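Go ahead and model the full structure; you've got the sequences and the hints to work with.
In order, the protein sequence lines correspond to chains A and B.
Every position in the first sequence, counted from 1, becomes a number in the numbering used here once 32 is added.
Every position in the second sequence, counted from 1, becomes a number in the numbering used here once 17 is added.
Simulated from the structure, these hints should not be mistaken for laboratory data.
Just so it is clear, the structure is predicted and the values come from calculations on it, not from any experiment.
Just so it is clear, CB atoms sit at the ideal spot from N, CA and C, and this is done for glycine as well.
Hints should not be assumed to be uniformly reliable.
Okay, the calculated bits of chain A under chain B, using three or more residues with CB under 8 Å as the criterion [said to hold, decoys possible]:
#, segment
1, 80-94
2, 107-120
3, 129-139
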Amino acid sequence: MGASAGGIQALSALLPALPASLRAPVFIVLHIPRDRPSLLSDIFSRKCAVPVREAEDKEPVVPGTVYFAPANYHLLLDQGPQLALSADDPVYHSRPSIDVLFESAADVYADRLLGVILTGANEDGASGLASVHDHGGITVVENPETSFSPQMALAALKMRPADLVLPLQQIGLLLGTLGAQRTENS
Amino acid sequence: MDAEIGAGAATHGREFELECRLLIDAVYHLYHYDFRGYAPASLRRRLKSAMIHFNCGTISKLQDRIMHEPTAFPVLLDYLTVQVSEMFRDPGYFQALRAKVVPLLRTYPSLKLWVAGCSAGEEAYSLAILLHEEGLLSRALIYATDINPHSLQRAGAGVYDVGRIAGFTANHQKSGATSSLSDYYTAAYGRAVFDKVLRDHIVFSDHSLATDSVFAEVQLVSCRNVLIYFNRELQDRALGLFGDSLCHQGFLGIGAKESLRFSAHSAAFLDVAKDERIFQKRSAL
Numbered sequence: 033m034g035a036s037a038g039g040i041q042a043l044s045a046l047l048p049a050l051p052a053s054l055r056a057p058v059f060i061v062l063h064i065p066r067d068r069p070s071l072l073s074d075i076f077s078r079k080c081a082v083p084v085r086e087a088e089d090k091e092p093v094v095p096g097t098v099y100f101a102p103a104n105y106h107l108l109l110d111q112g113p114q115l116a117l118s119a120d121d122p123v124y125h126s127r128p129s130i131d132v133l134f135e136s137a138a139d140v141y142a143d144r145l146l147g148v149i150l151t152g153a154n155e156d157g158a159s160g161l162a163s164v165h166d167h168g169g170i171t172v173v174e175n176p177e178t179s180f181s182p183q184m185a186l187a188a189l190k191m192r193p194a195d196l197v198l199p200l201q202q203i204g205l206l207l208g209t210l211g212a213q214r215t216e217n218s
Numbered sequence: 018m019d020a021e022i023g024a025g026a027a028t029h030g031r032e033f034e035l036e037c038r039l040l041i042d043a044v045y046h047l048y049h050y051d052f053r054g055y056a057p058a059s060l061r062r063r064l065k066s067a068m069i070h071f072n073c074g075t076i077s078k079l080q081d082r083i084m085h086e087p088t089a090f091p092v093l094l095d096y097l098t099v100q101v102s103e104m105f106r107d108p109g110y111f112q113a114l115r116a117k118v119v120p121l122l123r124t125y126p127s128l129k130l131w132v133a134g135c136s137a138g139e140e141a142y143s144l145a146i147l148l149h150e151e152g153l154l155s156r157a158l159i160y161a162t163d164i165n166p167h168s169l170q171r172a173g174a175g176v177y178d179v180g181r182i183a184g185f186t187a188n189h190q191k192s193g194a195t196s197s198l199s200d201y202y203t204a205a206y207g208r209a210v211f212d213k214v215l216r217d218h219i220v221f222s223d224h225s226l227a228t229d230s231v232f233a234e235v236q237l238v239s240c241r242n243v244l245i246y247f248n249r250e251l252q253d254r255a256l257g258l259f260g261d262s263l264c265h266q267g268f269l270g271i272g273a274k275e276s277l278r279f280s281a282h283s284a285a286f287l288d289v290a291k292d293e294r295i296f297q298k299r300s301a302l
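Spelled out as structure tokens, the structure:
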């Protein structure tokens with residue numbers, strides 16, 4: 033999942049809906065300030081039924097866990113699957129970048145991947161979501177008409193049509209069903 | 018990124034994986050740069066960027082150019098090694114150096130430090146400034162090494178875009194600075210040139226953590242945001258070199274999101290500043 037402006041509120045509506053029986057790992061890039069440590073995993077741990085962690089380099093992916101990209105590092109997926117971090121250039125002034133996460137996740141999970149673009153005020157994530165689509169994954173975009181900040185969703189939709197364009201509440205309902213399904217990754 | 022390369026570009030799947038491996042092997046055999054132990058995800062991303070630059074739809078086409086055009090390889094090397102750092106990146110690291118490492122460094126009559134993977138030199142100049150502020154620069158020598166000759170050349174020049182100076186200055190002030198960063202550079206024509214006094218205490222040289230061995234005994238190794246690009250085996254090789262280079266109770270600093278936890282060498286180091294990732298070599302038993 034990727035989000036920027038308004039992302040904390042959007043994720044506050046979504047992540048607590050994840051069922052304790054969740055089997056898919058969830059990887060999240062939220063644009064946050066680069067110059068201080070991220071508190072996201074602490075904030076969301078308290079609100080969620082599933083483990084929420086900050087991603088560490090070379091850490092094996094544990095099913096049913098939510099991983100946040102740390103401040104000032106890109107989060108990537110590698111074969112294993114395992115997590116990888118990088119300090120490469122920011123993408124659209126963003127590090128972590130949604131494109132970097134989605135493109136690498138698409139390489140690893142291909143058609144077993146669900147990519148979700150939420151609220152945001154820049155174009156990061158559009159080409160990443162296109163990669164998810166091109167690798168056979170499912171793409172979901174938050175409805176720009178009802179989202180806090182629509183630019184990110186609009187940029188993604190301009191590049192490829194999404195499988196689902198949904199208001200936040202229905203994305204929550206969709207994620208809530210992940211525990212029951214055989215879908216492995218989000 | 019697929020979209021930027023253009024429709025039909027082959028940037029995923031088993032063929033792509035194989036092509037990447039073959040290119041990395043060709044680079045090793047032809048140019049003796051060893052990227053075989055690099056973490057695949059970042060390497061793939063960098064190769065995709067290179068495909069866009071060279072306008073090649075497949076890695077195999079890129080390989081053809083790398084093997085047959087002598088001018089192409091240095092450009093690819095920039096893509097494979099490009100690393101934009103900042104001066105005083107993660108100011109807390111430099112604060113911890115001042116508090117926990119500098120007092121011990123003061124006890125040595127002469128100092129040697131190693132910045133491994135120095136890229137364009139930001140970290141080496143930052144350390145030189147810190148040592149100057151602590152009154153230690155005159156007896157110190159910093160080895161700053163990298164595999165990319167182009168980076169070493171830029172690092173040796175000590176010239177940075179003036180647009181980056183505001184960020185450097187903010188970091189420096191948060192690092193426990195006792196002077197102003199502007200004391201150390203001259204700005205003109207959009208560029209900031211760092212003082213030769215700093216440069217005189219830095220030796221920039223070619224060294225590969227993948228293929229070269231130990232070259233000096235040092236009191237501090239600073240190697241930040243380099244190990245994340247290596248796989249476990251190569252990380253272990255690099256950490257072994259650092260352990261062998263460090264003097265009795267020497268210090269090692271790594272990146273904020275790097276860890277010794279999974280390394281074969283983790284038992285060889287003690288935590289000195291946990292959050293800032295500064296370690297000390299244990300005494301031999």
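For this session: Could you work out which earlier hints the structure fails to respect and list their numbers in ascending sequence?
Result: none
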